[in-house]
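K.L.:
Once you've looked at the hints, dock chain L against the given chain C.
Protein chains in written order, with numbering that gives the first Met the number 0: chain C, 0 to 597; chain L, 0 to 597.
Treat the hints as calculated values from the structure; they're not laboratory data.
Don't take every hint at face value.
Claimed, not checked - No more than 30 Å apart at the CA atoms, straight line, and that leaves these computed lysine-lysine pairs for DSS-like: (1) 587(L) - 320(C); (2) 226(C) - 191(C); (3) 284(L) - 334(C); (4) 284(C) - 78(L); (5) 385(L) - 223(C); (6) 223(L) - 284(C); (7) 320(L) - 587(C); (8) 334(C) - 424(L); (9) 320(C) - 223(L); (10) 587(C) - 484(L); (11) 226(L) - 334(C); (12) 181(C) - 334(L); (13) 332(C) - 223(L); (14) 320(L) - 223(C); (15) 181(L) - 587(C); (16) 332(C) - 424(L); (17) 334(C) - 334(L); (18) 81(L) - 336(C); (19) 587(L) - 78(C); (20) 226(C) - 284(L); (21) 334(C) - 223(L); (22) 332(C) - 181(L); (23) 336(L) - 226(C); (24) 424(C) - 284(C); (25) 223(C) - 336(L); (26) 424(C) - 424(L); (27) 587(C) - 334(L); (28) 284(C) - 336(L); (29) 332(C) - 284(L); (30) 284(L) - 336(C); (31) 484(C) - 587(L); (32) 320(L) - 424(C); (33) 424(C) - 334(L); (34) 320(C) - 181(L); (35) 587(L) - 587(C); (36) 336(C) - 25(L); (37) 332(C) - 587(L).
Claimed, not checked - Where chain L lies over chain C, by a calculated footprint (3+ residues, C-beta under 8 Å): (38) 96-108; (39) 256-268; (40) 408-418.
Yeah, the Cβ is synthetic: ideal placement off N, Cα and C, and Gly gets one too.
Number of protein chains: 2
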Amino acid sequence: MPTYTPPLRDMQFVLHEVFKVTDEFKAMPAHAEVDADTINAVLEEAGKFAAGVAFPLNISGDTEGCTLNQQTHEVTTPKGFKEAYAQYVEGGWAALSCDTAYGGQGLPFVMNQCLYEMLNSANQAWTMYPGLSHGAYEALHAHGTDEQKKLYLPKLTSGEWTGTMCLTEPHCGTDLGLLRTKAEPQADGTYKITGNKIFISAGEHNFTSNIVHLVLARLPDAPKGSKGISLFVVPKFKVNADGSLGERNPIYCTGLEHKMGIHGNATAQIAIDGAIGTLVGEPNKGLAAMFVMMNAARLGVGNQSLGLTEVAFQNALAYAKDRIQMRSLSGTKAKDKEADPIIVHPDVRKMLLTAKAYAEGARALQIFCTLLLDKAHSHPDEKVRKDSDELVALLTPIVKAFITDNGHIATNACMQVFGGHGFIKEWGMEQFVRDNRINMIYEGTNTVQSLDLLGRKVLGNNGATLKKFGKLVGQLVAEEGVNEKMAEFINPIAYLGDQMTKFTTEIGFRGFQNPDEVGAAAVDYLRVAGHLVFGYMFARMAQVALREIAAGNTDPFYQAKLQTARFYFAKLFPEVHTLMRTARAGSKVLMDTDAALA
Amino acid sequence: MPTYTPPLRDMQFVLHEVFKVTDEFKAMPAHAEVDADTINAVLEEAGKFAAGVAFPLNISGDTEGCTLNQQTHEVTTPKGFKEAYAQYVEGGWAALSCDTAYGGQGLPFVMNQCLYEMLNSANQAWTMYPGLSHGAYEALHAHGTDEQKKLYLPKLTSGEWTGTMCLTEPHCGTDLGLLRTKAEPQADGTYKITGNKIFISAGEHNFTSNIVHLVLARLPDAPKGSKGISLFVVPKFKVNADGSLGERNPIYCTGLEHKMGIHGNATAQIAIDGAIGTLVGEPNKGLAAMFVMMNAARLGVGNQSLGLTEVAFQNALAYAKDRIQMRSLSGTKAKDKEADPIIVHPDVRKMLLTAKAYAEGARALQIFCTLLLDKAHSHPDEKVRKDSDELVALLTPIVKAFITDNGHIATNACMQVFGGHGFIKEWGMEQFVRDNRINMIYEGTNTVQSLDLLGRKVLGNNGATLKKFGKLVGQLVAEEGVNEKMAEFINPIAYLGDQMTKFTTEIGFRGFQNPDEVGAAAVDYLRVAGHLVFGYMFARMAQVALREIAAGNTDPFYQAKLQTARFYFAKLFPEVHTLMRTARAGSKVLMDTDAALA
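This is chain C alone, in the form it adopts within the complex (with noise of 0.2 Å):
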């Protein structure tokens, strides 16, 4: 059986020592008592909810997974499941970054961040109950107006309640101008709304006394393709003003996915048949409205490929250490033993720090976009929202994919250190391969984010905010190029910088000849944008630990950060060379092929 440390330390050395993040607070009114003491007790308690309340259900969740009942349209989730939801709630878990006019404890993204990232490292298909409920909470917090505000906000804030993004329809899921779900207007300025959704995460379950489904649908008079999409609020329970909850509203579950992995989750088909809804924000403006919850599900979901990252890194590591197989190639190490233990391997070792690595670098971007957003939402200065913004906003698409495909090769890797023992499912390695996998497809798949990043973010001003994040680099390559210690950290993200200008202009200029090139070289630019994020957070973290061990500190916590940094740009960070190799082989070799695709 798996087990789980929640990784406090790491956290701490983002949060403290690399980003400093209880300074930043200082600059925001609504954070600037918030200091490094409250962070560190809420997190120690948060990663024991994590790996004592929500871990121990994640092997059983998966075997036992949700079960309907075709008359009641009512779900079942895994035993242990609503219990441990019911005690979230009572921890306040699902307020704790919610805004204090409804009930919420007002403090930073960051701390919900690392809250998340222990919960889905615990169990993700258990985590995206409440991880669902907080986007919806987002969407009504942004676009609701007053009265839905105050209908909603307590108890999502509470986690009495819990909400849903209901977008996907079966002949739409990528493409939502293609929806058909119809809301018809009431006299009394309700929405009548019918049609069918799918792939609907927590659609359904035993949690809570109500469920707040946010809807999209097409209004009668709407423009055809997404700019004729409107938001609503469809409750499952009617709620009456005084909040009391009223009749049931018809739309209703009728069916769950067999998947291949979260299978604790509830990924429900939905049938709405005439609800009851209220629009949220203008109308045909709905798509606008949703991707507040999207981008925020976007990062939400690299955050579960970094739980899962991490989780599959504790227990492959502890496995090398105990599993005894073979001699070390260089000579026996463990003379008292029958054979070595299997950490003396070198490829093993390799796969043990492509997770750790890819654990680090992700925690380190997923604090720095959630700080990020933390300046975006309340640092006084307007310019530094606005920036705060557009940077987050750049990074999204990355965090979402290039997150989650490390995810999928570093739980892949771990898997492969438990040999054929990594394939049954006792030992809990497979599963993390599996939930990790959803990760890659659902809010946009992987391809859709480098679009996204490509397309829109980065040629779409010019590279004008990439060149926002280029100085970032340029910053610390200015601050550190002298520093010859720093050199095999500085030199690979310099150099990578540099050619970074040259690639984007180059796959710019032929996009503006033919789209088809930005498609064809998208998902292989988002990969090499990533490794130089990833680069720049290597190289923060180093330049902590080398100024930690000149000072003289001997915690071995610092070299184990060099260590890792070093591994990212020796055997993983190359991989750069021939992406790019691959993105400028261009689209012809793609697009040509009416033969080979017949």
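P.N.:
For chain L alone, coordinates are given in the frame of chain C:
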């Protein structure tokens, strides 16, 4: 629900047009009469069995799995599996390439190869029952006594009985030297065997009246480690001298593993409680005897991933043509539809072509290797036999590891084409991913394969065998180097062939100083070698296609071959640039990481 069409034309292209197998067979007395019509007719029938009988049981077999009756130790396989096996035996498929002396049809191994490619596409879990059995046949054929052959081979040939290979124990997989199962000599010349085995594929089932277990065990006086292992044949039911069944031997299935994939195959825990067996081959030389089976199995595992890559490709291609979603970046393609079929998107084509190229490269390599096996087995010229044997030994770890890793990439890419639907069991795509995942692990993990390649097969004889393969590449380069139309296919392999020599020398030199350098480079090295081999296969296929086109053949099949080869060299082959860098990055960043891996 997925579909499967046997790729007969593709097989025939490789068999008849690329490798001209019937010309080769003419030189082998045993196969001199095997003509193209015979081959094609047999493969057509084989395809009907695979697509019509085995394939419809693939998803249901995954859903049902196998069940063990703990009282009787009998295993029930999924519905239809037993009947399909009866049809297989009835059709004579088990006997296809078996020795005529024992009732086999004596056809070349390449035909068995193509049969098994199709069976693996259709149903890997089911195919492992006859597949393992064939391995047992081969080991007994090579090392059994006359009596053992007389007793077991006719029944294994016909398929009336099946066989297994019982190697792994709970504490030893890769490191068979640690195995503990004991064999005590009895007065009558038999052995009483006691021990526990795990991970025994097709280890128990309800297909046949008897199961012939080949078991590795230690004699009482055996030396420690891998030099003290002997091989025994231990039937489920003892066999009387007249071939009739005697009493039940105490070799019992005591548990079935719960696995990520291949649910339809019974992965058995086997308790051997004083079962009676006879020695196969010489005492303490069991590992060598078992390696007959293992080498065949390794080629067979590559073939499993070839099968899965092909069927995953076929279904992803069909879906990509059918599913409409978004418009092409370069302008609307399907004006009569609400959106374009997703095959217009460059990255969808890239995912499809990745699978197609990896299937076609693998098919060529598998047939190339099996033809070498036919030569090694049936060619009258001893030098040809020896050269063929050496070359297939070199290529075996590449087939096993490169093709299964590519299968992982390809099945995941094909699943990704389906978006969210790829994650849903009913579509069948995620099963291909799960089933393929074991191929990277069993019969020696892919890391073990890489050490076998670099350490034993390449550096072990100072690159002599590698040079033999290099000679084939050199011949093709010399032959086509002046052909302008071949340049795009020849230049990359000429370049890599050249690099490979330096690369090998460099790693060899480092490994001489520090053996961990070999362990650190091996996995990257194997993939580089894999691309050299695949590059050679694609150049050979392109050569044939170009000649046909030059001769006026307008069949788009040949354009398709060129397009796939172009895609391969532009988008997949360039991986070597990163791999040679990361291999050269050495072992230090892996081994000097005690703090990071504390």
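K.L.:
Which constraints among the numbered hints does this structure fail? Numbers only, ascending.
P.N.:
Of the numbered hints given earlier, those the structure breaks are 4, 5, 6, 8, 15, 16, 17, 18, 19, 20, 24, 32, 33, 35, 36 and 38, listed in rising order.
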